[in-house]
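Visitor: If you want the building blocks of each chain, they are given just below.
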Amino acid sequence: MCSVCGCHGEVTFDAGPKPAEKPLPFPHVLAKAPAAHNHSHGHHHDHGHHYGLGAAGVSVPGMSQARLIEVETSILAKNDALAEANRRVLRALGVLALNLVSSPGSGKTTLLCKTIQALGDAPLAVIEGDQQTSADADRIRATGARAIQINTGKGCHLDAHMVGHALDDLRPAPRSYLFIENVGNLVCPAGFDLGEDAKVAILSVTEGEDKPLKYPDMFTAARLAILNKCDLAPHCDADLDAYEANLRRVNPAIEILRVSARTGQGMAQWLEWLRARLAEKA
Amino acid sequence: MHEMSLAEGIRSIVLDQARAHGFTAVTVLRLEIGRFAGVEKPALEFAFDVVMRGSPAEGARLEMIDLPGQALCYDCRVTVQIDDRLAPCPLCGGGRLLPEGGDEMRIRDMEVV
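Heads up: the sequence lines are chains A and B, in that order. In this text, residue positions in the first sequence follow my numbering: the first is 1, and each later residue adds one. In this text, residue positions in the second sequence follow my numbering: the first is 283, and each later residue adds one.
If you are wondering where the hints come from, they were derived from the structure by calculation, not from laboratory data. Take the hints with a grain of salt, since some may be wrong.
To be verified - Residues on chain A that point at chain B, a partial pick, calculated with CB under 10 Å:
hint, residue
1, I75
2, K114
3, I116
4, L119
5, M267
Unchecked claim - Simulated crosslink set (DSS-like; lysine-lysine; CA at most 27 Å straight-line):
hint, chain 1, residue 1, chain 2, residue 2
6, B, K323, A, K114
7, A, K78, A, K281
8, A, K78, A, K154
9, B, K323, A, K154
10, A, K154, A, K214
11, A, K281, A, K154
12, B, K323, A, K281
Quick caveat, the model's predicted, so the values are computed rather than measured. Idealized CB from N, CA, C, for every residue including glycine.
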C-alpha cells in the first residue's frame, strides 16, 4: 500500500532520470515519496463476511435496525478533491497545465514533440499516460524535455491521484508548461478532472467528421480542439468545415485550430494560444 | 465507460460513511445519475456487485434515479431541458446548446443498519 495516501492499484510510474531535489509544496510529498512509485499490492480476502441473519446481520433488542443516511456526495468527490489540490499547487507555481485528450493515433505525441521543439527554452514538463510501455515518455525525453510515464495497467484514463504523484516526481518549474497526455480514449478521460487549466482535444482529419457527434462529452469538456493532420485532408476527402460545424454543435464555445504537426501548418497559432494562456496564469 | 472506477468511488464513500455513522451494513444505496453523465447502468450494476464485496454494501440493493439533462441555448439565452445529448432546443429548434446540468453522479442516500 502507498505509504503516503494509502492508495492501491496496479498503476506504475516511470519517472526517468530523477530531477534535482527541491522543496516545493506538492500535496503528496508532505510525507516522503519515493522517486518511483510502484504498486503491486491488492486487497485480498480469504474469509467470509458474516452479518448474522436479520436485515442488519445484527440485532439490538428494542432498537429499530434500519435508518436512512443522507449522503449527497458526488461519486467522484475524492477525485475532485485531489484535482483541486493539484490545481492549488499548479496555481501557486503559475504552471499552465493542459490535459491533452483524443482517441489513440490522433498524433498527440508528435504534436507534443513538435511543440516542445518550437517552444525552445521555455520551461516545461510532460506527463504521459498509456496503459502500457514507456514509448511516449521516451519520445518526449529524446527532445530534451522532462517526462514521466504513467502506465494505468487496465485503467482507461488518468485520474487526479496519479497526476498528484507524478507532480511529486516531476516538480514542474514555476511559470512553466505542464502537458498531460491522457490515455488515448474519447470517452472516460472526459469525466476525470486532473486539476488542469483546460482540456485540449486533438482530432485528426482521418478520424471522420462525425466523431464530435459520436463522442460529444469529450468535445464539450474541451476548451480548444486541434484539428490535426490537416495536410492529409485532401487525400482522404476530409471536410474541415464539417468537422468544425460538428465541434460547435456539441460545444458552441469551443475554440478550433487547424494544424499539421508534420508540416508545421497552424503551429504558430497554437504556440500563440499557449503563450497567451501561460501569461494569464502569471 | 469507467463504471469500475465509479464503483470504487462508491465503495470509498460507503467506507467513510460507515466510519462516521457506525453502521455495519447498507441495505439500499440510492444514486442520482444525470442524463448526460455517460453512465452505463447495467455496467455500473455489475461493477457495484463485484466491487462492494467485503464492504458494508455487499449485497445492497442499488437504485438509480435519473436526473434531467439541461443545456444553455446560445440563441434563446435560456436554460432548457433536453432528454438527448444532441436534441435541438425545444424553444427555437436550434442546435447551439451547451450542456449545463445532467452530468451528476451522486450518492443521494443509503438505508443502513
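Visitor: Each of the hints needs a verdict: does it hold here or not?
Guide: Hints, verified against the model:
1. For the restraint placing A:I75 at the interface with chain B, the shortest Cβ-Cβ distance is roughly 4 Å, inside the 10 Å limit, so the hint holds.
2. Contact between A:K114 and chain B, as hinted, is not supported at the beta carbon level, the nearest pair being about 31 Å apart and thus beyond 10 Å.
3. Violation of the interface hint for A:I116 is found here, the shortest Cβ-Cβ separation to chain B being roughly 30 Å, above the 10 Å cut-off.
4. The interface hint given for A:L119 is violated, since its Cβ lies 31 Å from the closest Cβ of chain B, which is over the 10 Å cut-off.
5. The interface hint given for A:M267 is broken, as the beta carbon of that residue sits about 29 Å from the closest beta carbon of chain B, more than 10 Å.
6. For the hint linking B:K323 to A:K114, the alpha-carbon distance of about 41 Å lies beyond 27 Å, and the restraint is violated.
7. With a C-alpha separation of about 26 Å, the suggested pairing of A:K78 with A:K281 holds against the 27 Å cut-off.
8. Using a Cα cut-off of 27 Å, the hinted pair A:K78 and A:K154 holds, with the two alpha carbons roughly 20 Å apart.
9. With a CA separation close to 21 Å, the supplied pair B:K323 and A:K154 stays within the 27 Å bound.
10. Distance hint between A:K154 and A:K214 is fulfilled; the C-alpha atoms sit about 24 Å from each other, no more than 27 Å.
11. Taking the CA atoms of A:K281 and A:K154, the gap is about 35 Å. The hint is violated against a cut of 27 Å.
12. Under the criterion of a C-alpha separation no larger than 27 Å, the hint pairing B:K323 with A:K281 is inconsistent with the structure, at around 40 Å.
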